[in-house]
Each structure stands twice: as structure tokens, then as C-alpha cells.
Amino acid sequence: MDAVTGWLGPGEWQAVRLSLRVGLIATLVSLPLGILTAYALARWSFPGKQILNGLVHLPLILPPVVTGYLLLITFGRRGSVGQWLETVGIVFSFRWTGAALAAAIMAFPLMVRAIRLAVEAVDPRLEAAAATLGASPPWVFLTVTLPLMLPGVIAGAILAFAKAIGEFGATITFVSNIPGQTQTVPSAIHALLQVPGGEGAAGRLVVIAIAIAMAALLLSEYLARRVGRRVSGA
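First residue of the sequence shown: 35, per my numbering; consecutive thereafter.
These aren't lab readings, by the way, just hints derived from the structure by calculation. Glycine included, each C-beta is placed from N, C-alpha and C at the ideal position. Take these hints with a grain of salt, some might be off.
Claimed, not checked - Per label pair, the in silico range of CB-to-CB distance:
1. Ile85 <-> Glu233: 42 to 50 Å
2. Ser170 <-> Leu227: 31 to 39 Å
3. Leu253 <-> Pro66: 17 to 25 Å
4. Ile107 <-> Gly45: 29 to 37 Å
Said to hold, decoys possible - Subject to a maximum C-alpha distance of 25 Å in a straight line, what follows is the list of computed DMTMM-like cross-link-like pairs (lysine to aspartate or glutamate):
5. Lys83 <-> Asp157
6. Lys83 <-> Glu161
7. Lys83 <-> Glu154
Can you build the whole structure from these sequences, using the hints too?
In C-alpha cells, the structure reads:
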């Protein structure tokens with residue numbers, strides 16, 4: 035860690051820490067909703083299911099700047115929701131919390147997709163067997179479905195984390211690029227490339243971004259395989 039902090043300047047290290055914070059909060063806050071959404075899309079039939087599926091995956095298709103603009107007009111201080119939230123002391127626009135919100139929305143489709151595939155791989159007959167033994171639906175989910183889909187949950191969470199820390203377009207549109215407050219690694223790289231002599235610092239941040247992304251992908255594969263083996267062995 036000391037070697038990394040010595041290699042990076044104070045502003046660069048601040049951007050790395052903020053990115054990790056934004057990615058972690060975005061993942062943890064959105065994970066329960068991601069599990070619920072994935073389960074609903076995989077197992078439930080209800081009116082508007084395809085609309086929900088489209089809305090979940092919309093951030094993957096829309097330009098990130100469009101998503102950021104929609105967040106700004108919705109959760110900005112003059113937005114329909116943002117005005118109300120500000121009265122209770124919650125502000126998203128031009129704050130790191132807004133960066134976490136934007137990152138969570140952009141990463142949500144990846145999380146839901148991974149978890150949904152895991153839910154669909156669970157044999158419904160196992161759940162039915164538990165239900166015939168008197169287990170309630172919530173208990174069946176907690177004791178049968180969730181353990182079997184856990185590798186997908188882990189993979190989805192880590193992939194969402196990696197996506198969240200790399201988010202740029204929606205974040206910079208919604209919360210701008212304020213050093214020390216909303217400047218994440220991608221925003222810092224963009225800013226450094228606009229000034230003469232900033233290529234070296236930008237290159238160091240690029241290396242850090244690649245390292246974090248690769249570590250997240252490898253950890254996702256490792257944990258998913260390990261949990262999968264334990265579930266199969268059980």
C-alpha cells in the first residue's frame with residue numbers, strides 16, 4: 035500500500051479511494067434490489083414483466099450521458115425527486131453520493147443478468163420438495179434457492195463493483211468532476227489528459243484501473259467456482 039501511495043500523487047490517490055468507495059456503496063446498496071429483481075424476472079409472471087426487463091437493461095443501451103442527464107433532471111436540486119429529498123437533507127447532485135447512485139444504475143443490469151442466470155439454473159423441483167415438507171416460500175428461498183444461486187450473486191456483485199468504479203459518462207454528467215468530492219478515477223484520467231504534461235499521471239491511473247478491473251474479474255471467477263463446489267458437495 036505504501037508503494038502505491040508513493041507512486042501516486044495526493045490527488046490521484048484521492049480519486050482511487052473515492053472510486054473504491056463509490057463502487058462499494060453502489061454495489062452493497064443495489065444488491066438486495068438486484069436479487070429481488072432477478073428472482074422476479076426469472077420466476078414470476080406478472081403484467082409489465084417485459085417492461086421491467088427493458089427498464090433494467092436500458093442503461094446498457096442508452097448513451098451514459100443520457101442516463102446522467104435523466105438523473106440530473108430527476109435527482110438534481112431542481113428535479114422532481116431531488117427537491118423533495120433536499121428537504122430531508124439528502125442531496126445527490128454534485129456529491130459523491132450522486133456518483134454512487136449513477137454508478138449503481140449503470141452497473142445494475144450486469145448484476146441482475148448474472149443473478150438471473152443463476153436463479154434460472156436452480157432446479158424448481160428442489161424448491162417444490164422443500165415446500166412439500168412444510169417450508170414457507172421465504173424459508174424455501176433462504177435455505178434452498180439462495181445457497182444454490184450464491185455463485186451467481188457473488189459474480190454479479192463483483193462485476194457490478196468493477197463496472198461501478200469505471201463509470202464515467204453518467205457520473206460526470208450528474209455530479210461533474212470536482213477534485214476531492216466527485217472526481218473518480220475515470221474523471222481524473224479525463225481531466226489529466228486535458229492539461230499539458232498530465233499524460234504520466236493519467237497513465238498511472240490507467241494502470242490502477244486495469245489492475246482493479248482484472249482483480250475483480252479474477253476474484254469473481256474464483257469465488258463463484260469455490261462456492262459452486264461447496265454447494266455441489268453439500
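Results for each hint:
{"no.": "1", "hint": "Ile85 <-> Glu233: 42 to 50 Å", "verdict": "46 Å, holds"}
{"no.": "2", "hint": "Ser170 <-> Leu227: 31 to 39 Å", "verdict": "56 Å, violated"}
{"no.": "3", "hint": "Leu253 <-> Pro66: 17 to 25 Å", "verdict": "21 Å, holds"}
{"no.": "4", "hint": "Ile107 <-> Gly45: 29 to 37 Å", "verdict": "30 Å, holds"}
{"no.": "5", "hint": "Lys83 <-> Asp157", "verdict": "22 Å, holds"}
{"no.": "6", "hint": "Lys83 <-> Glu161", "verdict": "22 Å, holds"}
{"no.": "7", "hint": "Lys83 <-> Glu154", "verdict": "16 Å, holds"}
Comparing the model with each earlier hint shows a violation of hint 2 alone; every other hint is respected.
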